[in-house]
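Colleague: Each chain, written out:
There are 2 protein chains.
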Amino acid sequence: MFDRIALIGIGLIGSSLARVIRREGLAGEIVVSTRSAGTLARAQELALGDRYTTDAAEAVKDADLVIVSVPVGSSGAVAERIAPALKPGAIVTDVGSTKASVIAQMQPHMPPHVHFIPGHPLAGTEKSGPDAGFAELFENRWCILTPPEGAEPEAVERLAAFWRACGSNIDTMDPEHHDMVLAMVSHLPHIIAYNIVGTADDLQTVTKSEVIKYSASGFRDFTRLAASDPTMWRDVCLHNKDAILEMLSRFSEDLASLQRAIRWGDGDKLFELFTRTRAVRRSIIEAGQEVDAPDFGRFVAAHPEKN
Amino acid sequence: MFDRIALIGIGLIGSSLARVIRREGLAGEIVVSTRSAGTLARAQELALGDRYTTDAAEAVKDADLVIVSVPVGSSGAVAERIAPALKPGAIVTDVGSTKASVIAQMQPHMPPHVHFIPGHPLAGTEKSGPDAGFAELFENRWCILTPPEGAEPEAVERLAAFWRACGSNIDTMDPEHHDMVLAMVSHLPHIIAYNIVGTADDLQTVTKSEVIKYSASGFRDFTRLAASDPTMWRDVCLHNKDAILEMLSRFSEDLASLQRAIRWGDGDKLFELFTRTRAVRRSIIEAGQEVDAPDFGRFVAAHPEKN
Numbered sequence: 001m002f003d004r005i006a007l008i009g010i011g012l013i014g015s016s017l018a019r020v021i022r023r024e025g026l027a028g029e030i031v032v033s034t035r036s037a038g039t040l041a042r043a044q045e046l047a048l049g050d051r052y053t054t055d056a057a058e059a060v061k062d063a064d065l066v067i068v069s070v071p072v073g074s075s076g077a078v079a080e081r082i083a084p085a086l087k088p089g090a091i092v093t094d095v096g097s098t099k100a101s102v103i104a105q106m107q108p109h110m111p112p113h114v115h116f117i118p119g120h121p122l123a124g125t126e127k128s129g130p131d132a133g134f135a136e137l138f139e140n141r142w143c144i145l146t147p148p149e150g151a152e153p154e155a156v157e158r159l160a161a162f163w164r165a166c167g168s169n170i171d172t173m174d175p176e177h178h179d180m181v182l183a184m185v186s187h188l189p190h191i192i193a194y195n196i197v198g199t200a201d202d203l204q205t206v207t208k209s210e211v212i213k214y215s216a217s218g219f220r221d222f223t224r225l226a227a228s229d230p231t232m233w234r235d236v237c238l239h240n241k242d243a244i245l246e247m248l249s250r251f252s253e254d255l256a257s258l259q260r261a262i263r264w265g266d267g268d269k270l271f272e273l274f275t276r277t278r279a280v281r282r283s284i285i286e287a288g289q290e291v292d293a294p295d296f297g298r299f300v301a302a303h304p305e306k307n
Numbered sequence: 001m002f003d004r005i006a007l008i009g010i011g012l013i014g015s016s017l018a019r020v021i022r023r024e025g026l027a028g029e030i031v032v033s034t035r036s037a038g039t040l041a042r043a044q045e046l047a048l049g050d051r052y053t054t055d056a057a058e059a060v061k062d063a064d065l066v067i068v069s070v071p072v073g074s075s076g077a078v079a080e081r082i083a084p085a086l087k088p089g090a091i092v093t094d095v096g097s098t099k100a101s102v103i104a105q106m107q108p109h110m111p112p113h114v115h116f117i118p119g120h121p122l123a124g125t126e127k128s129g130p131d132a133g134f135a136e137l138f139e140n141r142w143c144i145l146t147p148p149e150g151a152e153p154e155a156v157e158r159l160a161a162f163w164r165a166c167g168s169n170i171d172t173m174d175p176e177h178h179d180m181v182l183a184m185v186s187h188l189p190h191i192i193a194y195n196i197v198g199t200a201d202d203l204q205t206v207t208k209s210e211v212i213k214y215s216a217s218g219f220r221d222f223t224r225l226a227a228s229d230p231t232m233w234r235d236v237c238l239h240n241k242d243a244i245l246e247m248l249s250r251f252s253e254d255l256a257s258l259q260r261a262i263r264w265g266d267g268d269k270l271f272e273l274f275t276r277t278r279a280v281r282r283s284i285i286e287a288g289q290e291v292d293a294p295d296f297g298r299f300v301a302a303h304p305e306k307n
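These protein sequence lines are chains U and R, in that order. Quick note: the first sequence uses our numbering, first residue 1, plus one each step. Quick note: the second sequence uses our numbering, first residue 1, plus one each step.
You may find that some hints are simply not true.
Identical copies go unnamed one by one, so any copy, or any two together, can satisfy a pair.
[Stated by the list, open to error] Okay, derived cross-link-like pairs now, BS3-like style, lysine-lysine, Cα gap no bigger than 27 Å in a straight line:
{"hint": "1", "residue 1": "K208", "residue 2": "K241"}
{"hint": "2", "residue 1": "K61", "residue 2": "K127"}
{"hint": "3", "residue 1": "K241", "residue 2": "K61"}
{"hint": "4", "residue 1": "K87", "residue 2": "K269"}
{"hint": "5", "residue 1": "K127", "residue 2": "K269"}
{"hint": "6", "residue 1": "K61", "residue 2": "K87"}
{"hint": "7", "residue 1": "K269", "residue 2": "K61"}
{"hint": "8", "residue 1": "K241", "residue 2": "K269"}
{"hint": "9", "residue 1": "K208", "residue 2": "K87"}
{"hint": "10", "residue 1": "K127", "residue 2": "K241"}
{"hint": "11", "residue 1": "K208", "residue 2": "K269"}
{"hint": "12", "residue 1": "K87", "residue 2": "K241"}
{"hint": "13", "residue 1": "K61", "residue 2": "K208"}
In short, the hints are calculated from the structure, not lab data. The model shown is predicted, which means the values in this text are computed figures rather than measured ones.
Next comes chain U alone, as it looks inside the complex (with noise of 0.2 Å):
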């Protein structure tokens, strides 16, 4: 499918993409790079890919496709480190989680000569790191691309079937859409996780090794996202701010509401609500995004002897 794809980074999403490029044969050649010569010492013994170098300029020479895989903060001097050696025609991609402040920071250091065509896979788990990659990840999960206006077509098709290829669904939308969407359904939830985490870890008359001996009960549920790599999450807070405040401030506000319900007793508008976000639940398994074994099948993951 290309002849040299160059992945720069190559934590948890740049590993899987490796992973499932290789399996699928889409590169007659993987370039890996990553700013840490102990990270890319650990993707050469996990052979990830077929060249390795710590110079993100090096790694884009003579690459068809390149993919940034980096926290969005560090985008802007990813791209204009690659910039002078990325090759005529290049596809220039990235995977990053807000898209607006991504373009804002990329598409001043890129060249007229390359396809630059921003992209979000919404795959992921609370893991990080080149040893925390699959190949399945993307499998029957969206892929958001946001191409900037004039992008050409062919360019947009060519890395829309790659993402096929890697098991994803691609959607189109603009940058500042995307990053509302995204701002309700992923940086929200991660948020909230993170503050009743720190919330349940800051209390007296609860202590510690009773949160954790107890978690079961509903709060580990939260972990798992607030246990996701904290430089990711900083930057995606930092970059996405607008939305994200704007989202905030309806959960509080919705929060308020149901806390009055509490206080006066009001069982009528407390059922209403809980009945109402079962149905959400159960659409999210028909679409095909969440499997419906009980308590996440955490019970089939512990004893896969018993399925």
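Guided by the hints, dock chain R onto chain U, whose structure is given.
Modeller: Chain R in isolation, oriented as in the chain U frame:
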């Protein structure tokens, strides 16, 4: 272990108890009782008990152990109904998520010749009803007993031994502390989950179909708790009000501070919180209260053949 066990209520918890009692041979006879004739018929189809009745008073006759597994708001009515029929020396317990309120509702009806020892197994899934139960539900989960002052130690130990035979670990504490701990580790997480799913459901800038399609990016983790039984959770909110309001107020205070850090671009503060919360999840996994499979093991649940 007991000649006759009466299960009052045969939902997720009651039906899991029926299954583990049978598997472990903990009772000579299991009597199943629930108000709804339809649910009782289903329990009978599933062969969960040896005898079936919609009359709770009839069910407890000659039972050595009576386990009340109903929404906490119904505890008082059940206690009043069964009290005259209880066998002298019987142990009466419950599985309710709030303890002070259940004790206030049930204790006044309990005759002096029975052992009333409230309990709460910290186990469950988002599913409800007699079909949702499974014998392994209590395995390696904590069961908290809140024996009243003056409870006979032998009776408490007999009940503890029963729960251990179901696979649980036992803790005892006073009801007020239980309610405070559970407000944090269980009630607050459920309320927050219900709230965020409600916020998403109400949005207009982001469509419902977008929320559902893109939910794998974080949101869907919240939908599991928000799919829990509405009647049960309405009752929990109404019956553990003070502790829940206290935890909600701490959560909101912390969220306001986090929101401020986002608004003012305080990356260090965000990074510090996001790092600290990671450690909480590690502790929960080390304590054996969570699986370490990425993404809760959803991948394993969806593809058991690839494990």
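Colleague: Evaluate each hint against the coordinates.
Modeller: Against the structure, the hints:
no.: 1; hint: K208 <-> K241; in the structure: between (31 Å within a copy, 22 Å between copies)
no.: 2; hint: K61 <-> K127; in the structure: neither (30 Å within a copy, 54 Å between copies)
no.: 3; hint: K241 <-> K61; in the structure: neither (34 Å within a copy, 63 Å between copies)
no.: 4; hint: K87 <-> K269; in the structure: neither (60 Å within a copy, 40 Å between copies)
no.: 5; hint: K127 <-> K269; in the structure: between (38 Å within a copy, 22 Å between copies)
no.: 6; hint: K61 <-> K87; in the structure: within (6 Å within a copy, 84 Å between copies)
no.: 7; hint: K269 <-> K61; in the structure: neither (61 Å within a copy, 38 Å between copies)
no.: 8; hint: K241 <-> K269; in the structure: between (32 Å within a copy, 15 Å between copies)
no.: 9; hint: K208 <-> K87; in the structure: neither (54 Å within a copy, 41 Å between copies)
no.: 10; hint: K127 <-> K241; in the structure: within (24 Å within a copy, 36 Å between copies)
no.: 11; hint: K208 <-> K269; in the structure: between (33 Å within a copy, 21 Å between copies)
no.: 12; hint: K87 <-> K241; in the structure: neither (34 Å within a copy, 64 Å between copies)
no.: 13; hint: K61 <-> K208; in the structure: neither (51 Å within a copy, 43 Å between copies)
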